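Here's the letter readout for the chains.
Number of protein chains: 4
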Amino acid sequence: MIKAGIIGATGYAGSELVRLLINHPDVSVETITSKSYTGRDYKSVYPNFSHIDLVCAEENTEELAENCDVIFLALPHGEASKRINVDILSKCRIIDLGADFRLQDVDVYESWYCEHYSKDVLKEAVYGLCEINREKIKGRRIVGNPGCYTSCSILSLYPLLKEDMVRENSIIIDAKSGVSGAGRGLSAANLFCEVNESVKAYKIASHRHTPEIEEQLSAACGKKLVISFTPHLIPMNRGILATCYADLKKEYSYEDIRRVYEKYYKDEYFIRLMDEGIFPETRWVKNSNFVDIGFAVDKRTNRVIVIGAIDNLYKGAAGQAVQNMNILFGLDERTGIDSVPPFPV
Amino acid sequence: MIKAGIIGATGYAGSELVRLLINHPDVSVETITSKSYTGRDYKSVYPNFSHIDLVCAEENTEELAENCDVIFLALPHGEASKRINVDILSKCRIIDLGADFRLQDVDVYESWYCEHYSKDVLKEAVYGLCEINREKIKGRRIVGNPGCYTSCSILSLYPLLKEDMVRENSIIIDAKSGVSGAGRGLSAANLFCEVNESVKAYKIASHRHTPEIEEQLSAACGKKLVISFTPHLIPMNRGILATCYADLKKEYSYEDIRRVYEKYYKDEYFIRLMDEGIFPETRWVKNSNFVDIGFAVDKRTNRVIVIGAIDNLYKGAAGQAVQNMNILFGLDERTGIDSVPPFPV
Amino acid sequence: MIKAGIIGATGYAGSELVRLLINHPDVSVETITSKSYTGRDYKSVYPNFSHIDLVCAEENTEELAENCDVIFLALPHGEASKRINVDILSKCRIIDLGADFRLQDVDVYESWYCEHYSKDVLKEAVYGLCEINREKIKGRRIVGNPGCYTSCSILSLYPLLKEDMVRENSIIIDAKSGVSGAGRGLSAANLFCEVNESVKAYKIASHRHTPEIEEQLSAACGKKLVISFTPHLIPMNRGILATCYADLKKEYSYEDIRRVYEKYYKDEYFIRLMDEGIFPETRWVKNSNFVDIGFAVDKRTNRVIVIGAIDNLYKGAAGQAVQNMNILFGLDERTGIDSVPPFPV
Amino acid sequence: MIKAGIIGATGYAGSELVRLLINHPDVSVETITSKSYTGRDYKSVYPNFSHIDLVCAEENTEELAENCDVIFLALPHGEASKRINVDILSKCRIIDLGADFRLQDVDVYESWYCEHYSKDVLKEAVYGLCEINREKIKGRRIVGNPGCYTSCSILSLYPLLKEDMVRENSIIIDAKSGVSGAGRGLSAANLFCEVNESVKAYKIASHRHTPEIEEQLSAACGKKLVISFTPHLIPMNRGILATCYADLKKEYSYEDIRRVYEKYYKDEYFIRLMDEGIFPETRWVKNSNFVDIGFAVDKRTNRVIVIGAIDNLYKGAAGQAVQNMNILFGLDERTGIDSVPPFPV
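Protein chains in written order, with my numbering: chain A, 1 to 345; chain B, 1 to 345; chain C, 1 to 345; chain D, 1 to 345.
Chain A on its own, in the form it takes in the complex:
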């Protein structure tokens, strides 16, 4: 059994992770910690766990590192880089669900986030987008688990950039997210009556997932690119839909592009390419690790429109974290995260 600790277990992503790890056949959850709820029964914080005995422990990273094979962190940005150092890394594997170990370029990190407190560790970190970086993840000691918008956006566009089919700086990603992406923190903007029956864009031209997408897509095409990324808030609990636009470099047909997507994804269990004319909807991936991708070629404008859908808390956070753990520990990548999505749910 892999002994797992979870730091920050009472946010939505942390709680989803606890749930997946408890259901995982090869994991034993040793310790969960929470700053806000230290000492509290987990079931009083999340009554969906009412049949399970778990207490929110005080955090002690050192101790956790001694007792666990893997530590997951689900914390606000800046918090993981304060906690993780080479000493910790020598004792256990780290999977960070926050932003601190995602961007390789420290300057970019610091210009979008805050000071980075463990730059040496960052060099060792791998970007845990499993379908793209699987081979690099194996054997690594620390994984920066991708953001929710980014997982969806990068996987949707990756083959097109890898194969040089689109104008690099023409990319526009218009993304829609359920409200759980905003977390469980108190905010008037996230009260039911403020969110329900409305849709809005937010952090226009300024969302922090932008540089993460740019770094990965730039790596894919070998050129430094900039994108437009606009997130929107949708009155639903879970799900991300990314509608991606890009100018084609040539007059490609649907089949031309299909061939490229199949080249990269046909053996990827968690990526489901939709048939021509069928497009992803978040309901078909909700509560699962699947990434649904579909696309159309608009001949009138010579653009490709790619649509990707994921569950933001699952493939966009906790599910992919478990997938990364499975890779790190040599398990079948699907263990514990392979179930048919429920519907309607």
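Simulated from the structure, these hints should not be mistaken for laboratory data. It is possible that part of the hints are untrue.
Because identical chains share one entry, a pair is satisfied inside a single copy or across any pair of copies.
Derived DSS-like pairs (lysine-lysine); straight-line CA-CA distance at most 30 angstroms [stated by the list, open to error]:
1) LYS263 with LYS43
2) LYS43 with LYS266
3) LYS223 with LYS250
4) LYS299 with LYS162
5) LYS249 with LYS224
6) LYS203 with LYS43
7) LYS203 with LYS162
8) LYS203 with LYS250
9) LYS299 with LYS250
Fair warning: this is a prediction, and the values are worked out from it, not measured in the lab.
Start from chain A and add chains B, C and D according to the hints.
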């Protein structure tokens, strides 16, 4: 491996059943049938199954009975009783998710539903409310899987009637259900804009789950009782909350009643008694087989108010069907239906 | 023009009131106040007012009383009774949307709420349920505007008690409310993901609207009665549905009861009695001052089930406050609050 | 009083129109017709009208033209062009809420829709986007009332094209709509459980509002342009948000662009330009005729991102139809459609 067939696999309950059985470690899904979608890929009807190859077969009950160990039926009332006879029963086990084998009193059935076409089989059927009838279910060949409102209502009130604590004819059940309970059939009343942002009562003093609750509660207390049952439609996908009122026969304290609930339910894995002052909410059981129950004693009126919550498609249909199958085939009752409910979902 | 001031203009009820008064042909809104947003543009707090210039003033009740013909208060309980005294009353009319001037029995008020700071004023106050107390409201200087659950519940049951048709202590009111009833205050329990896709009961056997309903229904039947009242939270913005149960004293027919409802309500513009077999749904009254009422007689249990629906912020708060103002100032009662409810909305 | 007839009064747009016209001080609703509900009480089709006596008449366009000053048509495409001819036009004014009189280019109409049956009348029709075509609308006999997506999209982008600030073929409009845009027709795809808790794109690169936007924006800039337009379905009743992207021809500042929007819109009552950093959300315009517009300049990509929000049934259909009527009949443009949007609703 238990070989399973599902007749009526393209309604919401049928589809939930297919999902649970595919994920079940001891079951192989042999055949699924659908009248409306014969010959169609299941993934085209339910794209949440996009990674799975399944085709909706034409229904042939005889053949199914030859090839399967268990047949599940998820059909409109009157359809199962036309299909199931002693010959079928001699070949395989039957779990019917419809109403045909739930009521033992044929006259009551026929007055609320329609003609019953297999009265001899009905005598052999057991009412598959697992927590109450577990011992009777074992060894039986046919199970009438309870309705969604009824599972929730009966389990909420059972100990009070069994222990003679409430006035039999004072029972009022005010129930609230998500929209999936209405099924996937086309109906203007179930269009998004007609249901969203509204709440209504329906089938007032005339819902067909009334006699089912009455038959079971009458059996529990040994007296013929009548109840008031009012279902309501709530703008959400899944979940049932039953708010149950009953006049106490004496001045019972909270602890008096608690003792009785614990007597019947303390070893029931799927029933979670809430602590005093905590009440069930459907979100904590959504997408799970759990039944959450809490209650309060109102000293001003000397009434007990019991609140029960289940997922209507899971414990209220497909999950309990699997639980019944587990009992019939001697498996651990929790196999394939034991997971922490996801939240928020 | 009636000069109006609004104290507490930035809660949901206060904001609905500002909206209705701005649209009212005979009112000029002189001053709005807000403790939390003093000095702020109202449009920055409620961008639906983006085309209107209004600033949240600091509260000064004395000054308001000098300059206004009527002051509306939309404050937490205990706050209005601290502000209103005979001096204020001598200068302008008061309509209080809070609880302080609703209950005539001070002891009951103080046992359910807190100390009452203007008991002399309370004696002069009238309970502003317009359809019942219209004649008593005329000429009064202070109106206690009814609560949302109570408006709906009392109007639903009043004729039955007035005409002595039901057992007084058999009344059970199972009410369902949209989330705006909880106000705009920060509370984790009202975050979108906590409310959406769920239903729950709350304040079981302990909600403060209980004594308000009891006082009015007791007055109607001339006997002190107790009721069971259970509020539920529904994932929608607005609307209240009250499902009311009562044991009939005799075997009344539908027509017997219909006659009584028509006796009291047939000339009431804002009360719409549904035809037999038709029941209220909150969507048909949303964003209006209408009260829809329907009922059924359950012959099996000899109970009557009455269902009432209102918009909690409109007839349940701001709309009825305007209706009360119209009565106080001799206007047509419908002025400014008479529009067809929009649908779907 | 303007005598009005409404053909197709039982769709969502038709019903919203009936509501607005009944509330309009200068209009009397003479006749409403419905193919599906001929002879039925309107209140039985839309119980929000329960206090109003209206019957769905059989349609007779000739008779309507004799008796009415204005006829509104809310019909599927192709139906209005079959009904309206020069004879009808000589008797009364026509406002068509469908697509038949929106596109000036018949070939474009016929390639996206179907045969056009009154091409001569089409020449006389004016595109009823009031803020842009006000002067052209005056004195006209027939108005093609714009589509919902188009009203929002064109108004959001118009100043930029009029002033030659953006690359014509770089325009991408990613639009999000509530479900009422799909109408009240029976469709499995619009059942509550299929729409709720999900988001999807649909009619990708093929939605019929595309040529309507292109015709108007081409007219604005004097060049034939093509755009990408992607509609999305959002789990809410009402509202459209259009997120519009365009490459700037020069390095414009926020103020440069602001100046241009103010040039065109500063006196437009129904257009509300948001302050810098504030962006439209559909909740602030729901149930009103307002158009909220905000924008940002993304210096990294040299794009402008403009966001517009309207209520699809109000400014996107019935409200604008009334606005057009007001213009045609010389009334104050705001009559009957000028109210503060309610919130939360």
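Right, here's what the structure says about each hint:
Within a single copy, LYS263 and LYS43 get their C-alpha atoms only as close as 45 angstroms, which misses the 30 angstroms cut-off; across copies the closest is 23 angstroms, which meets it. In this assembly of identical chains, LYS43 and LYS266 lie within 30 angstroms of each other by CA distance solely across copies; the values are 17 angstroms between and 41 angstroms within a copy. With identical chains, the CA atoms of LYS223 and LYS250 are at most 30 angstroms apart both within one copy (18 angstroms) and between copies (24 angstroms). Proximity of LYS299 to LYS162 under the C-alpha cut-off of 30 angstroms is found in both arrangements, the shortest distances being 22 angstroms within a copy and 26 angstroms between copies.
For the homomeric pair LYS249 and LYS224, the shortest alpha-carbon distances inside one copy (17 angstroms) and between copies (22 angstroms) are both at most 30 angstroms. Taking the shortest alpha-carbon separations for LYS203 and LYS43, only the inter-copy value of 21 angstroms comes in at or below 30 angstroms, while the best intra-copy value is 34 angstroms. In the homo-oligomer, the alpha carbons of LYS203 and LYS162 lie at most 30 angstroms apart both inside one protomer (28 angstroms) and across protomers (28 angstroms), since each shortest distance falls under that limit. For a Cα distance limit of 30 angstroms, the shortest separation of LYS203 from LYS250 across copies, 24 angstroms, qualifies, whereas the shortest one inside one copy, 33 angstroms, does not.
When the C-alpha separation of LYS299 and LYS250 is checked against a cutoff of 30 angstroms, the pair qualifies both within a copy, at 11 angstroms, and between copies, at 27 angstroms.
Consistency with the previously given hints is maintained throughout, with no hint failing.
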